[in-house]
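There are 2 protein chains.
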Amino acid sequence: MIENEIFRALADPTRRAIFEKLAAGSMNASGLREGMEISQPAMSQHLAVLRSAGLVREERQGRFVNYEVDPEGLALIAQWLAKYRAYWPARIEALKVLLKDMDQ
Amino acid sequence: MIENEIFRALADPTRRAIFEKLAAGSMNASGLREGMEISQPAMSQHLAVLRSAGLVREERQGRFVNYEVDPEGLALIAQWLAKYRAYWPARIEALKVLLKDMDQ
DNA sequence: GAATCACATAAGTACGTGCTTATCTGTTAC
DNA sequence: GTAACAGATAAGCACGTACTTATGTGATTC
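Chain order of the listed sequences is A and B. The opening position of the first sequence corresponds to residue 1 in the working numbering, with each subsequent residue numbered one higher. The opening position of the second sequence corresponds to residue 1001 in the working numbering, with each subsequent residue numbered one higher.
These aren't lab readings, by the way, just hints derived from the structure by calculation. Note that the structure is a prediction, hence the values are computed from the model and not measured. A hint or two may mislead.
Claimed, not checked - A few chain A residues that face chain B, going by a derived Cβ cut-off under 8 Å, partial list only:
#, residue
1, R8
2, L10
3, A48
4, Y87
To be verified - Here are the computed lysine to aspartate or glutamate pairs in the EDC-like style, where the Cα-Cα straight-line distance is at most 20 Å:
#, chain 1, residue 1, chain 2, residue 2
5, B, K1083, A, E37
6, B, K1021, A, E20
7, B, K1083, A, E59
8, B, K1083, A, E68
9, A, K83, B, E1059
10, A, K83, B, E1037
11, A, K83, B, E1020
12, A, K83, A, E68
13, A, K21, A, D70
14, B, K1021, A, D70
15, B, K1021, B, D1070
16, A, K21, B, E1003
Built from N, CA and C at the ideal position, the CB exists for glycine as well.
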């Protein structure tokens, strides 16, 4: 069940930080490590978890590996969340505004 | 950081099942256990985790405790997700339709 | 008020997870 | 080819987590 891997992947604050950094712009693993105080193997392991959860995808570029956000994972969270739309509070209006912004 | 508790809470499949069951209708802990093959203490512990994550809230009713979905937690996930709207894929259209449905 | 019921909490245990150091793989540069 | 570099994988370890059994707490019923 991929849903499980997604939530498990995001349950770790370090991994969410990595994901957030990638969301601001795709990057290779060394770039991600900058200013993060994390060892090379740890970063590699975190990226593997994010990747297998469908939150991140990779692309070899010479001896570098470029990582970027994979929309697939985000879509699955959106789907999961949509199941409970009956409970979304009024402030969901903000989300609607954001969706409207996307049209432009 | 509550965001952390939310994702950690949802990372467990048993807890997601409990949450899903509650989303279909509020219920007390015994009701939740029905057809779930889970011990009473385990259920109690899971509910405590969901509660502290803001995904579920409780209300004492005599010697029963009624549990229901807390929109607060869902709203936080929606907010988190909204940050990455730039990466949402085309199929997010479905989500928009759902949001439109809410207006009626 | 004593028994029962719904649930919470405590303590122990097996297993999962995130890290470490060490090493391997694949690519580039000389 | 060989040295250097980017990154992955292996193995081990400390700690967290989800369960168990046992017991505690508050409300109800008679």
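Would the hint linking A/K21 and A/D70 be met if the CA-CA limit is 20 Å? The hint holds at about 13 Å.
Please verify whether A/K83 and B/E1037 have alpha carbons no more than 20 Å apart. 24 Å, violated
Interface hint status, A/A48 versus chain B (Cβ within 8 Å): 17 Å, violated
Given A/Y87 as an interface hint, is the shortest Cβ-Cβ distance to chain B below 8 Å? 5 Å, holds
Satisfaction of the A/R8 interface hint, Cβ to chain B closer than 8 Å: Holds: closest Cβ of chain B sits about 4 Å from A/R8, inside 8 Å.
Given the hinted pair A/K21 and B/E1003, is their Cα-Cα distance within 20 Å? 17 Å, holds
Tell me if the straight-line CA distance from A/K83 to B/E1020 falls inside 20 Å. Distance ~9 Å between A/K83 and B/E1020 Cα, so the pair holds.
Would you mind confirming whether the straight-line C-alpha gap from B/K1021 to B/D1070 stays at or under 20 Å? 13 Å, holds
Is the straight-line distance between the alpha-carbon of B/K1021 and that of A/D70 20 Å or less? Violated - the C-alpha atoms of A/D70 and B/K1021 are around 30 Å apart, more than 20 Å.
Verify the proposed pairing of B/K1083 with A/E68, using a straight-line Cα cut of 20 Å. The hint holds at about 16 Å.
Please work out if B/K1083 and A/E37 have their alpha carbons no farther apart than 20 Å. 24 Å, violated
Sort out whether A/E59 lies within 20 Å of B/K1083, counting only the CA atoms. 24 Å, violated
In summary, the numbered hints that this structure violates are 3, 5, 6, 7, 9, 10, 12, 14.
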